[in-house]
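Participant: Sequence:
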Amino acid sequence: MDKKVKKKKVNVFAIAIAVLLALYMLSMVVSLFWVLMTTVKDAGEYKYGAAFFEGGLAKSNTIWFPKMGITFENYVIAFQNFVLEGDGEGLQKSYNIFAQFVNSFLYSGGCALTVTLSSCVMGYATARFKFRLSNIIYSFVLISLALPIVGAMPSEIAVADSLGIFDTFPGIWIMRASFLNTYFLIFYAQFKMIPKDYTEAAKIDGASSFGVMVKIIFPLAMGTITTVFVLAFIFYWNDFQIPMVYLPSYPVAALGMYKFSVLTDPDEINHIPVRLAGICLMALPIVVFYGIFNRKLNVNLSVGGIKG
Numbered sequence: 030m031d032k033k034v035k036k037k038k039v040n041v042f043a044i045a046i047a048v049l050l051a052l053y054m055l056s057m058v059v060s061l062f063w064v065l066m067t068t069v070k071d072a073g074e075y076k077y078g079a080a081f082f083e084g085g086l087a088k089s090n091t092i093w094f095p096k097m098g099i100t101f102e103n104y105v106i107a108f109q110n111f112v113l114e115g116d117g118e119g120l121q122k123s124y125n126i127f128a129q130f131v132n133s134f135l136y137s138g139g140c141a142l143t144v145t146l147s148s149c150v151m152g153y154a155t156a157r158f159k160f161r162l163s164n165i166i167y168s169f170v171l172i173s174l175a176l177p178i179v180g181a182m183p184s185e186i187a188v189a190d191s192l193g194i195f196d197t198f199p200g201i202w203i204m205r206a207s208f209l210n211t212y213f214l215i216f217y218a219q220f221k222m223i224p225k226d227y228t229e230a231a232k233i234d235g236a237s238s239f240g241v242m243v244k245i246i247f248p249l250a251m252g253t254i255t256t257v258f259v260l261a262f263i264f265y266w267n268d269f270q271i272p273m274v275y276l277p278s279y280p281v282a283a284l285g286m287y288k289f290s291v292l293t294d295p296d297e298i299n300h301i302p303v304r305l306a307g308i309c310l311m312a313l314p315i316v317v318f319y320g321i322f323n324r325k326l327n328v329n330l331s332v333g334g335i336k337g
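Our numbering puts the first residue of the sequence shown at 30, with every later residue one more than the last.
Think of the hints as simulated: they come from the structure by calculation, not from any bench.
Some hints could be false.
DSS-like, lysine-lysine: derived pairs with alpha carbons at most 25 Å apart [what the hints assert, rightly or not]:
#: 1; residue 1: K232; residue 2: K244
#: 2; residue 1: K159; residue 2: K244
#: 3; residue 1: K122; residue 2: K96
#: 4; residue 1: K225; residue 2: K159
#: 5; residue 1: K96; residue 2: K76
#: 6; residue 1: K159; residue 2: K221
#: 7; residue 1: K122; residue 2: K244
#: 8; residue 1: K159; residue 2: K232
#: 9; residue 1: K244; residue 2: K221
#: 10; residue 1: K221; residue 2: K232
#: 11; residue 1: K76; residue 2: K288
Assemble the whole structure, with the sequences as input and the hints as a guide.
Facilitator: Structure, rendered in structure tokens:
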């Protein structure tokens, strides 16, 4: 009896996507490796090559290990010059990198928390409760995402100043507490996936709507909530424009990195290895923060039904 050999069909599209993703990942790894190697190189070796100091011809910089030895002088220079002059309660004072990190954590953590909670609560309300405004709110979010809102900053500053919350962390936290974002759509889809059997069983046992939301629904969606919080935290950590306008007395590290890399004059700071060392110092807290929440992010976002 002849055995029919089944040939697997080759998915050309999947192979092409895999190759493109592999090339993209390789470019990211090579870029990161180049940054790390450049930060531990002497500025002269980076600019002229090691052969220049050995009496040979100058060569272009490579991404390989430093030939003249590893040095952390670039990090020391970046650390010493990562300083901002801010206006604190009407007095000019110096903000070093630690003070900027504290301001960044307060700004990023508070804004990420408020935007996550507001989007989560509003997404839960529109997804789980059927009322006339639910569809209107959902449509309004889509329209606000499609149509850019420009020219609102002067009015926001005027309102915040009149309320006495301008240039304060609670004020910027309140201003960022909005559900007009993509996070609302993520929570809306997540809460739609959760079976209603959970809430119905809890209500039979006498649980209130608030108790169901806090004790049952939110724990089931904790993976999504954590993911949104981390993404929002990283977004606000890299933001320097909003703090520069709304928090002039509390400069954040992103603003310090901007001025460090663009608005610096001394020759030793203008070297590429020193600038890259400053970028690594800026990214270090984010790497630690992501490492702490890494397990929370790698969770299954789907929710099953009730067994039994």
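Participant: Determine which of the earlier numbered hints do not hold for this structure and return their numbers in increasing order.
Facilitator: Hints 3, 7 are the ones this structure does not satisfy, whereas the remaining hints hold.
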